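Peer 1: Taken in sequence, the protein lines are chains F and S. Heads up: the first sequence begins at 1 in the numbering used here, then just goes up one per residue. Heads up: the second sequence begins at 1001 in the numbering used here, then just goes up one per residue.
In case anyone wonders, no lab produced these hints; they're calculated from the structure. Nothing here was measured: the structure is a model prediction, and the numbers come from that model. Any given hint could turn out to be false.
The calculated lysine-lysine pairs, modelled on DSS-like cross-linking and capped at a C-alpha distance of 25 Å, are [to be verified]:
id, chain 1, residue 1, chain 2, residue 2
1, S, K1028, F, K213
2, F, K13, S, K1061
3, F, K223, S, K1007
4, S, K1033, S, K1007
5, S, K1033, F, K39
6, S, K1007, F, K7
7, F, K182, S, K1047
8, F, K39, F, K191
Residues from chain S that face chain F, not an exhaustive set, calculated with beta carbons under 7 Å [unchecked claim]:
id, residue
9, G1017
10, E1023
11, P1026
12, F1035
13, L1053
14, R1054
15, D1057
16, K1061
Even for Gly, the Cβ is constructed at its ideal location relative to N, Cα and C.
Okay, here's what each chain looks like letter by letter:
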Amino acid sequence: MAFDYEKYLRPGKLPHIWCPGCGHGIVMKGLIRAMDTLKLDMKNTAIVSGIGCASRLPGYIDCCTLHTAHGRAAAFATGVKMAKPEMNVILCGGDGDGTAIGGNHFIHACRRNIDMTYIIMNNYIYGMTGGQFSPCTPTGHKASTTPYGNPDPGFDIAKLAIGAGATFVARGTAFHANQIDKLIAEAIQHKGFSVVEILDDCPTTYGRRNKYKSVIEMMNRLKEVAVPVKAAEKMTAEQLKGKVLTGVLYKDDTKSDYTTEYAKVIERAQAK
Amino acid sequence: MEKTLPKIEIIEKYCKGCHICVEFCPTKVLEMKGFVVAVKNLEACIKCMQCELRCPDFAIKVSAE
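Full structure from sequences and hints, please.
Peer 2: Take a look at the structure:
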């Protein structure tokens, strides 16, 4: 049977603002399916975002939503979680919003291991503001501000999150649409800061500058570069060159999360 | 046994004509008609739901018994 997405969407909001072929819609559908699998209470779920194409996502979903300043999703979401620790807090945003403008908030949310889920839609570019290069734009690729090729090396969001202290890190792609909801559901269930990076396509500002002829070519590229973690174990370093690992990359259940630790602080302070 | 055909509903005002469903349909059931997608060959549908899963615009619904 057809999945009933409308149950989770605000009425009258579709069609959404994303360009034809943009993978953000696929990610939003994945998030909705994950929310449905976990039977999340919409009144007890908050989706927080910053600014950008990907950050328009909360506007469509009918739960508690917060659209905040550029890059500040993690900061606002921390406030929500501390005020209401029982709430499911999900953050979403793009690569520029999350790792450049909000890079500082991102790494410190990882370090604190606060119980939230951050979905980063990595389309390698700042789409909404006109195609400027982001920290995830691969070296040599073109953006509106790097017409002769980007000289910078790109970020590996998953490694950054693991290094900063996040306790659940996963990666999927917009091509592997079936996997997105499973990764997000596992991330929401994890107690601690979870990062789900979804490799995405931006045909309008990234694709056309980098000689991608169509959305399909961009989707097929995602298919070609993605290697599941288990398959990668059997591959040599030579074979893994230029590939990106997908699936659950890191999981640590031993670390206590921030809200639990902060409750202990409150208890100690009130005991005196 | 008689094959029951699925129902493919296309919400034309949501479709942005990105071609994803047309390309990823394994049996080429769909086609572009102008700027929006249309059903070309419903008989060939194997109910794999790839079009519904991959449509970024919430424009396709496949109902199969």
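Peer 1: Now tell me if each hint is right for this structure.
Peer 2: Verification of the supplied hints:
no., hint, result
1, K1028/S - K213/F, "holds, 21 Å"
2, K13/F - K1061/S, "holds, 18 Å"
3, K223/F - K1007/S, "violated, 29 Å"
4, K1033/S - K1007/S, "holds, 19 Å"
5, K1033/S - K39/F, "violated, 38 Å"
6, K1007/S - K7/F, "holds, 20 Å"
7, K182/F - K1047/S, "holds, 21 Å"
8, K39/F - K191/F, "holds, 17 Å"
9, G1017, "holds, 6 Å"
10, E1023, "holds, 5 Å"
11, P1026, "violated, 14 Å"
12, F1035, "violated, 9 Å"
13, L1053, "holds, 5 Å"
14, R1054, "holds, 5 Å"
15, D1057, "holds, 6 Å"
16, K1061, "holds, 4 Å"
Against the hints set out earlier in the document, violations occur for numbers 3, 5, 11, 12.
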